[in-house]
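Peer 1: The lines below spell out each chain.
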Amino acid sequence: AQRVTQPEKLLSVFKGAPVELKCNYSYSGSPELFWYVQYSRQRLQLLLRHISRESIKGFTADLNKGETSFHLKKPFAQEEDSAMYYCALPSGGSQGNLIFGKGTKLSVKP
Amino acid sequence: NAGVTQTPKFQVLKTGQSMTLQCAQDMNHNSMYWYRQDPGMGLRLIYYSASEGTTDKGEVPNGYNVSRLNKREFSLRLESAAPSQTSVYFCASSENSGITQYFGPGTRLTVL
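Chains R and S, in that order, give the protein sequences.
Per our numbering, the very first residue in the first sequence carries number 1; after that it's consecutive.
Per our numbering, the very first residue in the second sequence carries number 1; after that it's consecutive.
Since the hints were derived computationally from the structure, they do not count as laboratory data.
There's no promise every hint is true.
Stated by the list, open to error - The calculated lysine-lysine pairs, modelled on DSSO-like cross-linking and capped at a C-alpha distance of 27 Å, are:
(1) R/Lys65 <-> R/Lys105
(2) S/Lys57 <-> R/Lys102
(3) S/Lys9 <-> R/Lys105
With the hints as constraints, model all of the structure from the sequences given.
Peer 2: Structure follows, in structure tokens:
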């Protein structure tokens with residue numbers, strides 16, 4: 001069964017430090033993976049999608065099929081990066097919806 | 001474009017009361033979804049509609065019903081609210097199932 005694991009509930013770093021938010025997945029086939037971000041009291045919004053290979057707000061994520069991971073990285077964290085981050089992948093089969101991880105709360109301290 | 005809109009933003013119910021959460025999108029998307037967000041649980045899919053006229057159960061459908069009124073609107077109904085349904089409810093839409101989903105602002109529901 002498809003599954004997304006985000007092992008850290010909370011990640012706290014200082015401004016300017018590197019950030020890595022972990023995401024591991026279980027998927028049969030070639031997955032399409034997403035990172036969504038939710039700033040305080042706001043709606044979820046797409047941060048990036050692995051297929052597009054973009055860098056958004058300085059964040060990147062590389063799909064590692066060998067380690068079944070899709071970690072989100074940023075070399076220098078900013079205070080405005082403080083938010084809840086969710087990793088997601090399609091549920092597969094005939095269902096056309098996303099399975100979300102439980103989320104990691106990133107706190108960037110000044 | 002407003003994107004995905006939800007009403008109401010906040011609601012307090014008593015146990016046993018019923019209510020309908022409304023969702024609409026103006027992006028001409030085929031697929032729409034209802035999620036609930038609970039602390040430590042992430043987002044869990046309640047129901048989804050892959051296209052107009054179809055609805056399917058998600059991970060946590062018990063206690064809810066949905067209606068895909070037309071291509072734009074997808075409502076979620078709680079027939080007899082329970083405290084366990086206290087949550088933040090998000091509606092989302094996508095052009096086709098499984099690709100990028102766009103979320104509404106959420107409805108914060110408290111059941112006493």
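Peer 1: For which of the previously enumerated hints does the structure constitute a violation, in increasing order of number?
Peer 2: none
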